[in-house]
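Novice: Take a look at the letters that make up each chain.
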Amino acid sequence: MSLKRALIVVLALSLAVGLAFGCAKKKAEVLEPITVGGIFDITGATSAVGKDYAQACKDAERYINESGGVEGRKIKLIANDYAYKIPEALNLYKQYRDVNKVFAIQGWGTGDTNALKEQITKDKIVYISASYDSALTNPKKTPYNFFVGTSYSDSIRVALKFVKDQGCSKFVFIYPDHPYGKAPIPAGKAIAKDLGIRVGPDEIVGLRAIDATTQLLHMKKFNPEWAWLGGTTPSCSVIIKDAAKLGLKTKFISNLWGFDENILKMAGAVANERFYSTNPFTFYGLSVPGMKTVLDLNKKYSPKAVHTVRYIQGWSAMMVMWEGLKRAAKAGQLNGPGLKAALESLKDFSTGGLTPPITFTPTDHRPSMGVSIYKVAGGKIVKVTSTSLPRKAAWLGW
Amino acid sequence: MPSGLFHTSYEKDEQIFPTLWLKYWVWGFILFLYLVLPFIAPALSNVVGINVLHMVNMICIFVVGAHGINILTGCTGQISLGHGAFMGVGAYAAAILFMRFDLPFFISLPAAGLITAGVGMIFGIPSLRLKGLYLAIATMAAQFIINYGMRNWTSLTGGSGGFSVKRPEIFGYVLDTDLKYYFLVLTVAIVATLVMKHLLMTKVGRAFFAIRDRYLSAQIMGVNLFKYRIISFGISSFYVGIAGGLFAHYILVVSDEHFTMWLSIQYLAMIIIGGLGHVIGGIFGTIFMVLLPELLRVPVELLSDVYPNVFAVFGTLREMVFGMIIIVFLIFEPDGLAARWATTRDYWKLWPFSY
Numbered sequence: 350m351s352l353k354r355a356l357i358v359v360l361a362l363s364l365a366v367g368l369a370f371g372c373a374k375k376k377a378e379v380l381e382p383i384t385v386g387g388i389f390d391i392t393g394a395t396s397a398v399g400k401d402y403a404q405a406c407k408d409a410e411r412y413i414n415e416s417g418g419v420e421g422r423k424i425k426l427i428a429n430d431y432a433y434k435i436p437e438a439l440n441l442y443k444q445y446r447d448v449n450k451v452f453a454i455q456g457w458g459t460g461d462t463n464a465l466k467e468q469i470t471k472d473k474i475v476y477i478s479a480s481y482d483s484a485l486t487n488p489k490k491t492p493y494n495f496f497v498g499t500s501y502s503d504s505i506r507v508a509l510k511f512v513k514d515q516g517c518s519k520f521v522f523i524y525p526d527h528p529y530g531k532a533p534i535p536a537g538k539a540i541a542k543d544l545g546i547r548v549g550p551d552e553i554v555g556l557r558a559i560d561a562t563t564q565l566l567h568m569k570k571f572n573p574e575w576a577w578l579g580g581t582t583p584s585c586s587v588i589i590k591d592a593a594k595l596g597l598k599t600k601f602i603s604n605l606w607g608f609d610e611n612i613l614k615m616a617g618a619v620a621n622e623r624f625y626s627t628n629p630f631t632f633y634g635l636s637v638p639g640m641k642t643v644l645d646l647n648k649k650y651s652p653k654a655v656h657t658v659r660y661i662q663g664w665s666a667m668m669v670m671w672e673g674l675k676r677a678a679k680a681g682q683l684n685g686p687g688l689k690a691a692l693e694s695l696k697d698f699s700t701g702g703l704t705p706p707i708t709f710t711p712t713d714h715r716p717s718m719g720v721s722i723y724k725v726a727g728g729k730i731v732k733v734t735s736t737s738l739p740r741k742a743a744w745l746g747w
Numbered sequence: 006m007p008s009g010l011f012h013t014s015y016e017k018d019e020q021i022f023p024t025l026w027l028k029y030w031v032w033g034f035i036l037f038l039y040l041v042l043p044f045i046a047p048a049l050s051n052v053v054g055i056n057v058l059h060m061v062n063m064i065c066i067f068v069v070g071a072h073g074i075n076i077l078t079g080c081t082g083q084i085s086l087g088h089g090a091f092m093g094v095g096a097y098a099a100a101i102l103f104m105r106f107d108l109p110f111f112i113s114l115p116a117a118g119l120i121t122a123g124v125g126m127i128f129g130i131p132s133l134r135l136k137g138l139y140l141a142i143a144t145m146a147a148q149f150i151i152n153y154g155m156r157n158w159t160s161l162t163g164g165s166g167g168f169s170v171k172r173p174e175i176f177g178y179v180l181d182t183d184l185k186y187y188f189l190v191l192t193v194a195i196v197a198t199l200v201m202k203h204l205l206m207t208k209v210g211r212a213f214f215a216i217r218d219r220y221l222s223a224q225i226m227g228v229n230l231f232k233y234r235i236i237s238f239g240i241s242s243f244y245v246g247i248a249g250g251l252f253a254h255y256i257l258v259v260s261d262e263h264f265t266m267w268l269s270i271q272y273l274a275m276i277i278i279g280g281l282g283h284v285i286g287g288i289f290g291t292i293f294m295v296l297l298p299e300l301l302r303v304p305v306e307l308l309s310d311v312y313p314n315v316f317a318v319f320g321t322l323r324e325m326v327f328g329m330i331i332i333v334f335l336i337f338e339p340d341g342l343a344a345r346w347a348t349t350r351d352y353w354k355l356w357p358f359s360y
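Each protein sequence line maps, in turn, to chains B and W. Just so we're aligned: 568 in my numbering is position 219 of the first sequence, and the numbers increase by one with no gaps anywhere. Just so we're aligned: 359 in my numbering is position 354 of the second sequence, and the numbers increase by one with no gaps anywhere.
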């Protein structure tokens, strides 16, 4: 037996023994952790906003476990990147369902969440998405879909009411041709009609766009006072910069994913008084009671890291899920239907001001109706106003 | 006793399994796939940490597609960068025929294959004049045209939101679980493999090889180049179309995101890694390409107990490792896994008396 072969045998043996011990040790644990699946975008088209969100979920997992977990049981968030690809999300979903046997998943995009919603309902797995698509809020159709925040459609309604108050008479919708971008547009057009705002032809700017001149020049013919941006921060900053370059007078108001702390770096001074945004979440570092926990724990976990409002979004999603798990555990129902019922018992649940109070009922999964409007002014993000829509039954689900 | 394989009649030469030994092995393996694997799959999943049944289903579906492109590229020598889109045509066709026109599954699936074959033959017409790189670009155009159609012909395809599909029903029996679906895709994959193996030994198959090896000589020998190239495109697209139909009914949502340029390249990678022109190459290549990304995830999940943030770093690393492994393969095993399989088998056949 040559040396090489002997070495291989020894290595293989040690690996086998090590694995055997590793497995044996796992079985010896009395309290199994509660596994939660995680589908995040770290490398895909929305990774610019997805990384911080995923980071928040991982940090929240650690925080939850350090503060006692769920009735003494830890939670384990299996985080995976799906690169914003629907097929990969379906892959991960099957993995979590059949191998990890989870009953709760922290998901991400609109396209994949909508693609999964029928299976989620069938498998009775609670799915908390980072897609705030209104189509996910009607429990008659999607009983196991939840999200924390305010839906895209309600945000666009607030945005149009806001621009109407600013004296806007002509409006244009700019968004990527993607389920995420298209989701709130019907709601926006309907309310624009009610408010008597003229809507120009839609413009399509992709999530990975590096130039929007063509679309903006086309938009200039209609010359709207305001335009909606339905992309993410990088594509929105491209539009803002190109609009400034072309000398357009149009102001822009974006979906919450289009506007965060990074816009100050990406767009710079041209965003001043030009770029507004809707957002139900409190920006990172602002003084609300719930922020103190987040700041304290980041001093401990990663003092050098710079976070954005995406961190608050991911954090809030995890905190609401934690509350649901605690209530479900108290009822002795740690499973999909149990967690669903626990979440539906949340009434005006406070996240310490990180979001408006969260309410779910068995007939209405709209978490909140409150939206704030922010803008860039003087090189800083400034809050303009906070409003709340009435919880109209007619607006449920679209 | 003969010391090798000597065929004395045409019947023997055209057998799918040249030796009795091989025949028993293959049938034994098929029995294993039908009777044993599906029932040990859940236990196996827990041990290795990946969803075995799902992986096997994906492999069966993509094996059909890989055979398709292997017929075209491996056997006929016509490169195609449009097979990802052709698979999409099959998927949408199967989905629309099944959901909108309420055709029974055993009609809608072959019909989807035929529609894809038609589309493939149309885009194969340039192959009469174009070769090599030029054909690659022409088929790439097909990829972009079809992909654009899938996204923007909203009334037919549902646009970027995708098209919801139901699990198929065969004579009132709904294949609603992955396990039930497994028997369907496995059967289709086995039939597709046997048909391809047989096809390559017929007149048509010989013509394909002749065109691949030297199209001028083939033409001089009387092979109608245009006819056989189009036939090759047709059969190849039919295979990918069937794969697309199976995929649609398995994944339950068809969207244009599934069928991008990347899928076309993956198909090419499958047969290059597996072995161009070998039936078994398509199978090996598919297994490799489907399993590798999943296997690369396992160490990350194990490590994440110790380093909670490792997944964020590895998310980008995974694609790199994937690329690296493919390069390593091309350098050390340019003839693909099929060639490696043959050498390994020969080694053990003669063991311990190999020289």
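Hints listed in this document are in silico derivations from the structure and should not be mistaken for laboratory results. Just to be clear, a hint being listed does not mean it is correct.
Some, not all, of what chain W presents toward chain B, calculated at C-beta under 10 Å [said to hold, decoys possible]:
1. GLY164
2. ILE256
3. ARG302
4. LEU335
Ideal placement from N, C-alpha and C gives every residue a C-beta, glycine not left out.
Novice: Which hint numbers doesn't this structure obey?
Specialist: 4
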